[in-house]
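2 protein chains.
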Amino acid sequence: MYLGKRIKELREEKALLQRQLAAELEIDTPMYSKIERGERKAKREQVIKLAKLFQVEEKELLMLWLAGQVYELVKDEEVAKEAIKVVEQNL
Amino acid sequence: MYLGKRIKELREEKALLQRQLAAELEIDTPMYSKIERGERKAKREQVIKLAKLFQVEEKELLMLWLAGQVYELVKDEEVAKEAIKVVEQNL
DNA sequence: ATGGACTTGTCAGATTTTGGCTAATTTAAT
DNA sequence: ATTAAATTAGCCAAAATCTGACAAGTCCAT
Chain C
1 MYLGKRIKEL REEKALLQRQ LAAELEIDTP MYSKIERGER KAKREQVIKL AKLFQVEEKE
61 LLMLWLAGQV YELVKDEEVA KEAIKVVEQN L
Chain Y
1 MYLGKRIKEL REEKALLQRQ LAAELEIDTP MYSKIERGER KAKREQVIKL AKLFQVEEKE
61 LLMLWLAGQV YELVKDEEVA KEAIKVVEQN L
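The listed protein sequences derive, respectively, from chains C and Y.
Quick note: the first sequence uses UniProt numbering, first residue 1, plus one each step.
Quick note: the second sequence uses UniProt numbering, first residue 1, plus one each step.
Keep in mind that the hints are not guaranteed to be accurate.
One copy or two, it doesn't matter: identical chains are merged, so the pair holds either way.
Claimed, not checked - Keeping only pairs whose Cα atoms sit at most 27 Å apart, straight-line, the calculated DSS-like set for lysine-lysine is: (1) 14 - 75; (2) 85 - 59; (3) 14 - 81; (4) 49 - 59; (5) 81 - 5; (6) 81 - 59; (7) 85 - 8; (8) 81 - 49; (9) 75 - 85; (10) 34 - 85; (11) 81 - 41; (12) 52 - 85; (13) 49 - 85; (14) 59 - 5; (15) 5 - 34; (16) 41 - 85; (17) 52 - 81; (18) 5 - 52; (19) 75 - 52; (20) 8 - 34; (21) 8 - 49; (22) 43 - 8; (23) 75 - 41.
Keep in mind that the hints were calculated from the coordinates and are not lab data.
Note that the structure is predicted; figures quoted are calculated from it, not measured.
The task is simple: from the sequences and hints, build the whole structure.
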């Protein structure tokens, strides 16, 4: 998963533990673990908080977060590419 | 909405009434009306049935249906374009 | 002003999502 | 190999969302 992969990188760079970030986000550790692995999706607010904690651009993480959701939506569809292109046109 | 616009066109081309299509899909007319206007989203099965009824490529309607969902997901996000591009890369 | 087509609003029931708990597994160090 | 810490898996109830149906409304032509 897009966001999960990135925040895992960031967490390891800064040598933080899942439970520390979980505490910051006020969720439990298993939940944070799931977000990192993309098993659960973070909420917008949590992504923003993570950007602050890691001191990276909010936009970067929000973009990955959104991309992950789009990917989940289209991944099993034969017409995924075409659909994406159509949306891209109209943005 | 992508799909709604298209099935309205098709319905008018063939001079059919909403209630006729609603009957085919086994839903009530208000529901069909909402699907056409994009107020409710059709389910996959209904889209396929509609393609058969209108005698158009299943793929065409499924693509529009998917595009509509993607659009709903990203439309209010500042990072929509970038996110879409990232997904496009990885398909 | 009646009738037919379509739309709007509402609502309970069904389905999904969510958060947190416990327990299992993996990892790292001694 | 044993322990302790970190991470993951599985489960369950509460909350939120989605669904289908109905009643009532508008709009338009006759």
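Cross-check of the supplied hints:
1. 14 - 75: neither (32 Å within a copy, 34 Å between copies)
2. 85 - 59: both (22 Å within a copy, 15 Å between copies)
3. 14 - 81: neither (36 Å within a copy, 30 Å between copies)
4. 49 - 59: Within. Shortest intra-copy distance 12 Å satisfies the 27 Å Cα cut-off; inter-copy 40 Å does not.
5. 81 - 5: both (23 Å within a copy, 21 Å between copies)
6. 81 - 59: Close inside one copy (24 Å) and across copies (12 Å); limit 27 Å.
7. 85 - 8: between (30 Å within a copy, 22 Å between copies)
8. 81 - 49: Intra 32 Å, inter 22 Å, cutoff 27 Å: inter-copy only.
9. 75 - 85: both (14 Å within a copy, 14 Å between copies)
10. 34 - 85: between (30 Å within a copy, 25 Å between copies)
11. 81 - 41: both (23 Å within a copy, 20 Å between copies)
12. 52 - 85: Answer is between; shortest inter-copy Cα gap is 25 Å, intra-copy 32 Å.
13. 49 - 85: Intra 31 Å, inter 24 Å, cutoff 27 Å: inter-copy only.
14. 59 - 5: The answer is within: 16 Å in one copy meets 27 Å, while 33 Å across copies does not.
15. 5 - 34: Classified as within: same-chain Cα gap 12 Å, cross-chain 39 Å, threshold 27 Å.
16. 41 - 85: This pair counts as both: shortest intra-copy Cα distance 24 Å, inter-copy 20 Å.
17. 52 - 81: between (33 Å within a copy, 23 Å between copies)
18. 5 - 52: within (17 Å within a copy, 42 Å between copies)
19. 75 - 52: between (30 Å within a copy, 24 Å between copies)
20. 8 - 34: within (11 Å within a copy, 42 Å between copies)
21. 8 - 49: within (15 Å within a copy, 44 Å between copies)
22. 43 - 8: Within one copy, since 17 Å is at most 27 Å while 36 Å is not.
23. 75 - 41: both (16 Å within a copy, 19 Å between copies)
Hint compliance for this structure: hints 1, 3 are not met, and every other hint is.
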